[in-house]
Amino acid sequence: MQQIENFLSKEEHKKILDIASGENISWYYTDSIILEDKNKNDFMFSHAFFWDNEIKSDYYETFVMTIMNKIQHKKILRAKLNCYTKREEHFKHGFHIDAKQPHIVALYCVNNNNGYTEFEDGNKFKSIANSVILFNGKLKHRSVNQTNTKQRLNININYE
Numbered sequence: 001m002q003q004i005e006n007f008l009s010k011e012e013h014k015k016i017l018d019i020a021s022g023e024n025i026s027w028y029y030t031d032s033i034i035l036e037d038k039n040k041n042d043f044m045f046s047h048a049f050f051w052d053n054e055i056k057s058d059y060y061e062t063f064v065m066t067i068m069n070k071i072q073h074k075k076i077l078r079a080k081l082n083c084y085t086k087r088e089e090h091f092k093h094g095f096h097i098d099a100k101q102p103h104i105v106a107l108y109c110v111n112n113n114n115g116y117t118e119f120e121d122g123n124k125f126k127s128i129a130n131s132v133i134l135f136n137g138k139l140k141h142r143s144v145n146q147t148n149t150k151q152r153l154n155i156n157i158n159y160e
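The sequence shown maps to residues 1 to 160 in the working numbering.
The hints are simulated quantities; they were obtained by calculation from the structure and are not laboratory data. Positions of the beta carbon are idealized from the N, C-alpha and C atoms, including for glycine. Don't take every hint at face value.
Here are the computed lysine-lysine pairs in the BS3-like style, where the Cα-Cα straight-line distance is at most 30 Å [stated by the list, open to error]:
#1 56 / 14
#2 75 / 150
#3 126 / 56
#4 86 / 56
#5 10 / 56
#6 126 / 150
Computed spacing ranges between beta-carbons, pair by pair [unchecked claim]:
#7 150 / 31: 27 to 37 Å
#8 100 / 10: 32 to 42 Å
#9 10 / 31: 31 to 41 Å
#10 70 / 21: 20 to 30 Å
#11 55 / 15: 13 to 23 Å
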């Protein structure tokens with residue numbers, strides 16, 4: 001697992017940030033971060049780019065392919081934009097894997113905030129704008145909400 005800072009050009013990153021934090025992207029409420037762990041205080045908003053072998057968003061090229069053009073891959077399995085809302089205290093979601101099938105995760109951090117991604121082994125990666133965290137999809141991880149910004153925005157891409 002590794003985090004690569006300044007992953008995209010400043011122009012590419014700004015375009016993604018402006019759209020993701022703007023008023024024109026559609027957000028869909030998700031009642032739980034982890035399907036198996038229905039915590040009454042656990043929720044998020046997301047925007048699907050690629051799901052069930054289908055492009056689901058007009059922003060697929062702008063978001064997903066801008067990132068994946070810099071990552072060697074065979075096939076995209078799933079891609080979405082996550083939006084976590086500000087909390088008074090850091091809220092730690094449950095540990096999980098994104099999919100049962102073998103995959104790699106590219107987690108692109110859209111904005112700076114004090115939220116983070118934590119792995120079961122204790123490794124933590126800060127939300128640093130324009131950085132990508134790459135890791136084996138079989139590693140259990142969790143998201144942790146931020147307390148210092150209205151949104152924590154990241155793009156989660158599962159691929160082979």
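Return the numbers of the hints above that this structure violates; sort them in rising order. As far as the earlier hints go, 2, 7 are violated by this structure, in ascending order.
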